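Number of protein chains: 2
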Amino acid sequence: MVIAKKYVVLNPFVGEPKKSDFKIVEEELAELQENEFLAEAAFISVDPYQRMKLGASFPCDMIGGQVAKVIESKNPDYPVGTWVMGHFGWRTHTITKPENEKFCMQKPYLHKLPDFGDLPVSLALGVCGRVGNTAYLGFTEICQPKAGETVVVSGAAGAVGSHVGQIAKILGCRVIGFAGTDEKCEWLIKELGFDYAGNYKTTDISKFLKDSAPNGVDCYFDNVGGELSTMVMSQMNQYGRVAVCGAISTYNETDPEKRKATILQPLIVSKQLKIEGFLVNRYADRTLEGIHQNLKWVKEGKLKYKEHVTDGFETAVDAFIGLFRGDNIGKSLVQVK
Amino acid sequence: MVIAKKYVVLNPFVGEPKKSDFKIVEEELAELQENEFLAEAAFISVDPYQRMKLGASFPCDMIGGQVAKVIESKNPDYPVGTWVMGHFGWRTHTITKPENEKFCMQKPYLHKLPDFGDLPVSLALGVCGRVGNTAYLGFTEICQPKAGETVVVSGAAGAVGSHVGQIAKILGCRVIGFAGTDEKCEWLIKELGFDYAGNYKTTDISKFLKDSAPNGVDCYFDNVGGELSTMVMSQMNQYGRVAVCGAISTYNETDPEKRKATILQPLIVSKQLKIEGFLVNRYADRTLEGIHQNLKWVKEGKLKYKEHVTDGFETAVDAFIGLFRGDNIGKSLVQVK
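In the order they appear, the protein sequences are chains A and B. Following numbering that gives the first Met the number 0, the numbering of the first sequence begins with 0 at its first residue and continues without gaps. Following numbering that gives the first Met the number 0, the numbering of the second sequence begins with 0 at its first residue and continues without gaps.
Wrong hints could be hidden among the right ones.
Put simply, identical chains are the same to the list, so a pair is met inside one copy or across any two.
Unchecked claim - Once the Cα atoms are required to be at most 25 angstroms apart in a straight line, the calculated PhoX-like pairs of lysine-lysine come out as:
# : residue 1 : residue 2
1 : K298      : K168
2 : K270      : K106
3 : K336      : K68
4 : K301      : K189
5 : K145      : K168
Because the hints were derived from the structure by calculation, they are not lab data. The model shown is predicted, which means the values in this text are computed figures rather than measured ones.
Go ahead and model the full structure; you've got the sequences and the hints to work with.
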């Protein structure tokens, strides 16, 4: 009999998530039924969206993707040894079958990993997974970037932001990133090839943009929201396009006054901006297309990535809290096995 | 020799426009040259956008559309007696020719009036003109409304808003308007057929929307911006569409803190909203199509309108100031002759 460990969220988060909001629970798994397999987690994914997408009733199981290996199977499509990506939540062992997709809010629920060659399987949670598809599909579909245009990325040192900026460079754009430490900005410029990167905490943002984007901003990929976004939009060109991927600046903010920023509507009208929010779920039917495109760029050396890996199932909550404090550079992961 | 009177704006507006920001100047007009005609204004248009679209140097001529009659002509396409709509500014007499379009920021610069039958020529500045096209083209193109959907309109008793709500009814939508007085709300429901209308100054907006839009809001046509818009968007459905036509709540606001509202990005992401600002100029090549569609609806009795007419060239500034105080129901016009 297999004992699974899983994280349960005890109550809704108020402000920053706390350790006491979570509990690790052990669970005895049943025998495999026809068509089921048992997967053992190798890495679990820690993402800002998990803050927002929990269910309405508590306690509830923590959501999230994981890379896992099939260690027992009654499903001939998923033989022992198969590597999968699955939205099984934060848990060590899972008995499931493809049909369980209908119970899952995150799409895709389950897919086999492509052949990563010498690359680590953890990429299936980052640059060659949901995060990579968020960057690739969200940016290209919503911002419709063209060579020679100027692109701004907020949260640029995060997993999605750092990926978006590199795609923009591949497509021939001028790329400006905003991040929260000088170390992150240096990484963006020196390692990832961003043209400019500014520390939004210490930089005069308007002046920085005037200097780095003298012809104005055409595309803005926003992970942050708030006053920074208003300032970026104030320097956009006519018919500028904005993809809103996240609003991490306010996820943990409980003071209503601090959730306010200078309103966007006068800019939206006068510049005829198009702003669209998206969740990567909408592109679920293009999952493998996106993974293969990103994998190709990684293998060609055009797309670099960084993983922020913490070791051990018990480190997940600390890693999660760290996301909102800006502790991570690149994709945050927990190595379970 | 003809003496024209025109309004000159002496300096940029600070806060609410003031009478002392304007001066009426007399100007001797030259002799007509080949291809030119002399037009005498009958009505001049008073619109919120005029607040925003002045040039960068002062003093400058006040911008705006007018309905005028050709009273002298050296252009065979515009014989004496022709009625035209022209963006000539706030002035009584104008010598021009179609080629002057290149000097005008407002599109279309000039067109002949269609046959209005028994209807007044002033409609060419309202329901069958730029305002009507703003409503018809902006709403249908950007919001893509479908029968059975729920549509919210802010600034609903203004010229554009009252028109949008009626089109939404023609298209089979549930229509909710917000306006600033009970009298305006009553007009929207009793005369124009809105399903619901709320006084945003006295109503609990969130509760009002929950009651009037129990299935959520699909389309929002926004003339106002600010906290009202955040509240509307918080009750939108997945993939909701927002057309941003104006932001009159802040045009005259000089206190930066009062230009703030609860940020939209968390709503934009989680509901995957698409928000697009527009200026009717972008549809200039569809001007006559829009006018004929709106004229057809007016003649069929499906589209009602109200004109807020003040009498005399000298009343224009008062009418303009009144726009931002909510004095008008329907299209604000100045009758010159």
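Enumerate the violated hints, using their earlier numbering and listing them in ascending order. Result: no hint breaks.
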